[in-house]
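Engineer: Let the hints inform the model, and build the full structure from the sequences given.
Chains as they are written, first to last, in the UniProt record's numbering: chain A, 1 to 438; chain B, 1 to 246.
None of these hints come from the bench; they were simulated from the model. Careful, some of the hints might be misleading.
As a list, the in silico PhoX-like pairs of lysine-lysine whose alpha-carbon atoms are at most 25 angstroms apart [to be verified]:
1. A/Lys429 to A/Lys13
2. B/Lys2 to A/Lys72
3. A/Lys248 to B/Lys23
4. B/Lys211 to A/Lys248
5. A/Lys72 to B/Lys23
6. A/Lys251 to B/Lys23
7. B/Lys204 to B/Lys2
8. A/Lys251 to B/Lys204
9. B/Lys216 to B/Lys78
10. A/Lys13 to B/Lys190
11. B/Lys190 to A/Lys248
12. B/Lys190 to A/Lys429
13. A/Lys248 to B/Lys46
14. A/Lys72 to B/Lys190
15. A/Lys269 to A/Lys199
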Amino acid sequence: MTSDLYSWGRYPKHAQTATPCSWRSELQGVLTSLRDTYEETLPYGNGRSYGDSCLATSDQVIQTRLMDRFIKADWQTGRIIVEAGVTLAQILDIAIPNGWFLPVTPGTQFVTVGGAIANDVHGKNHHRRGTFGNHVTRFGLLRSDKGALVCSSYENPKLYSATIGGLGLTGIITWGEINLISINSSAIDSTKVRFSNLKEFFLLAEELDHQHEYSVAWIDCLAKGSDVGRGVFIVGDHAPYGELTLTKKSKLNVPFAPFISPITPHTLKCFNNMYWHAQPAERTRKNVHYEPFFYPLDGILNWNRIYGSKGFQQFQCVIPDTHAEATVHELLSAIAKAGQGSFLAVLKRCGEMPSPGLLSFPMPGTSLALDFSQHAGLESGLFRRLDIIVAESGGRLYPAKDAHMSGEHFRSFYPAWEKVEALRDPALKSRFWKRVTS
Amino acid sequence: MKRILIIGATSAIAAACARLWAKDGAEFFLVGRNTEKLEQVSNDLKVHGATAVSSYRLDATDIAAHSVMMKNCLTTLKQIDIALIAHGTLPDQKACENDVNLALQELSNNAISVIALLTLLGNQFEIQRHGSLAVISSVAGDRGRPSNYLYGTAKAAVSTFCEGLRARLFKVGVSVTTIKPGFVQTPMTKGLNLPPLLIAQPEKVALSIVKAVQNKTNTLYTPTFWALIMLIIKHLPNFIFKRINL
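Structural biologist: Next up, the structure:
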């Protein structure tokens with residue numbers, strides 16, 4: 001209520017003043033009053049966007065997290081309707097005991113449904129089920145100029161595709177209808193194996209991805225020479241037998257951002273090295289709880305504070321299949337040479353399924369994501385080199401994670417941006433949008 | 001299956017308690033001022049596992065309407081296992097100092113209406129010889145502080161009334177729990193300049209309330225550290241207390 005809001009990366013540091021809204025019926029009033037006072041505002045869910053896509057140009061946001069009621073659930077068909085502030089964690093709490101699971105989930109369950117639609121998030125099963133937007137059949141949208149609308153592929157279809165991945169600019173998402181997938185057990189039947197270089201990663205992905213619902217790889221972003229791209233390949237499926245129980249583990253918390261971050265190139269290198277060697281060299285199969293499988297970092301609340309008061313940036317790109325291996329090699333070599341990067345580096349093959357969203361990030365190819373402590377020179381040095389490599393390969397960067405990409409790059413990565421701009425609610429604008437479109 | 005009456009059911013703390021009770025399949029009679037909001041809370045509770053949910057529109061300051069509401073509630077639920085009184089407003093202290101009618105209106109919102117409801121409910125529970133009454137008071141009722149003593153007065157009245165009622169109903173096996181929350185992040189406290197470290201989420205507060213009702217606790221400070229804070233504030237001698245601006 002009084003504490004200022006930031007984005008997940010805590011960079012750039014523009015404190016947002018929140019006007020919370022708990023009721024759909026009061027949203028119109030809040031939107032109108034903020035527009036009349038500040039001209040522009042922006043919906044803000046649970047603050048899991050990394051960069052400046054969730055920061056308003058006016059630094060005045062409408063916080064939708066408390067608008068978190070379930071509207072309807074049909075446990076015969078797995079179709080649920082929820083308000084936009086409901087988090088994926090809240091959905092799992094109710095859906096799992098009834099034998100249902102999220103069709104697509106990103107690496108944290110603490111995003112809201114509104115945020116998941118607005119960023120068209122994807123997860124470890126992108127190669128099978130596409131993005132979150134592929135499973136949202138309808139949603140409610142409130143606009144300052146048109147009032148409350150229902151959007152689907154046949155009602156307001158243009159706004160439907162502009163809003164999926166539309167970064168919260170086309171109106172405030174008020175509710176969403178989601179088709180869940182059925183499960184027999186809440187456990188994940190998972191197989192892990194380490195690999196020693198990038199070539200092995202692509203061979204494993206080729207062999208295993210089509211056999212499993214979930215697939216992802218952790219990579220050691222500091223490994224050099226013949227070790228470039230070494231990591232751990234992890235696949236999984238919902239276990240066919242077992243209980244439908246929630247993972248209820250107590251969570252650790254990072255209570256404040258340390259003045260000096262414990263994450264340095266040296267500590268990181270030691271850690272990555274130890275971690276890689278600790279992983280199985282042979283394929284090892286094990287039933288694991290869904291929470292550590294999907295959301296390993298959710299076990300530490302506010303883990304973003306570990307990067308210290310300067311914050312961090314995540315770099316996430318996708319490289320089209322034709323150039324993937326050579327380009328990812330080039331990116332990883334540049335990162336290792338710079339001695340930067342973090343423990344959390346993830347490689348994932350994306351699939352063919354197109355999203356209905358105009359600004360959806362994934363494309364058939366390979367996605368690489370990793371965090372960097374914020375420091376002066378990050379953007380003008382390493383990020384500039386990486387951006388050029390990505391652009392030359394025909395790939396693109398992920399707006400939900402971004403705090404740095406140039407307007408020129410954004411407009412060439414996402415040629416449909418002008419369609420979204422044409423459908424943008426004039427009362428909504430983010431710092432990201434202002435940065436990349438002007 | 002518990003049969004639960006909630007007055008002020010659209011309040012954030014009440015709705016969070018109701019979600020927890022819904023998980024165990026409770027049946028609800030929800031009372032509030034706004035029909036649309038009541039319906040939204042009621043849909044949410046159904047998805048969370050409630051066996052049945054009825055809602056009833058009532059402005060708690062309309063004392064004459066209380067008995068009809070009670071009749072409706074008993075026709076629907078047959079008996080009340082838990083009654084939670086959670087309605088209230090947060091008065092603007094400065095405005096109340098300059099407007100007697102507003103001050104009296106706020107007293108009616110936060111004290112008179114609660115006492116009226118507790119009178120009816122007390123008699124019903126006495127007949128039932130069974131059940132738990134839970135009333136949301138506030139830490140503000142423990143001492144009259146210059147920043148919000150009108151609210152404090154109302155809550156002090158509620159806490160004292162509950163204390164007497166508890167002693168009366170104890171003899172027939174009915175519990176009365178006085179709940180004293182500190183700062184909770186709800187629409188009621190929106191826009192207040194509160195210290196972030198002391199702000200609790202309604203979900204956490206709800207967990208402790210549900211547990212306190214289950215355990216028939218007399219008085220609950222939630223989060224619990226408020227018991228210590230209020231212990232200190234209550235024991236500040238007046239020659240100091242009147243000089244500081246709490």
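Engineer: CA of B/Lys2 to CA of A/Lys72, is that 25 angstroms or under?
Structural biologist: holds, 23 angstroms
Engineer: Are A/Lys72 and B/Lys190 close enough, with their CA atoms no more than 25 angstroms apart?
Structural biologist: Cα-Cα ~28 angstroms, so violated.
Engineer: B/Lys204 and B/Lys2 were given as a pair; does the straight-line alpha-carbon distance stay at or below 25 angstroms?
Structural biologist: holds, 21 angstroms
Engineer: Does B/Lys46 lie within 25 angstroms of A/Lys248 when you go C-alpha to C-alpha?
Structural biologist: holds, 23 angstroms
Engineer: Given the hinted pair A/Lys248 and B/Lys23, is their Cα-Cα distance within 25 angstroms?
Structural biologist: Holds. A/Lys248 to B/Lys23 sits at ~16 angstroms (cutoff 25 angstroms).
Engineer: Need the status of pair A/Lys13, B/Lys190: alpha-carbon distance at most 25 angstroms?
Structural biologist: holds, 24 angstroms
Engineer: Tell me if the straight-line CA distance from A/Lys269 to A/Lys199 falls inside 25 angstroms.
Structural biologist: With Cα atoms ~22 angstroms apart, A/Lys269 and A/Lys199 stay inside 25 angstroms; holds.
Engineer: Under the criterion that the straight-line Cα-Cα distance not exceed 25 angstroms, is the pair B/Lys190, A/Lys248 satisfied?
Structural biologist: violated, 31 angstroms
Engineer: Is the straight-line distance between the alpha-carbon of A/Lys251 and that of B/Lys204 25 angstroms or less?
Structural biologist: holds, 14 angstroms
Engineer: Quick one, are B/Lys211 and A/Lys248 close enough, alpha carbons at most 25 angstroms?
Structural biologist: holds, 18 angstroms
Engineer: Quickly compare the C-alpha distance for A/Lys251 and B/Lys23 to 25 angstroms and report which way the hint goes.
Structural biologist: holds, 22 angstroms
Engineer: When you check the alpha-carbon spacing of A/Lys72 and B/Lys23, does it fall within 25 angstroms?
Structural biologist: It holds: about 16 angstroms lies between the C-alpha atoms, which stays within 25 angstroms.
Violated hints for the displayed structure, listed by number in ascending order: 11 and 14.
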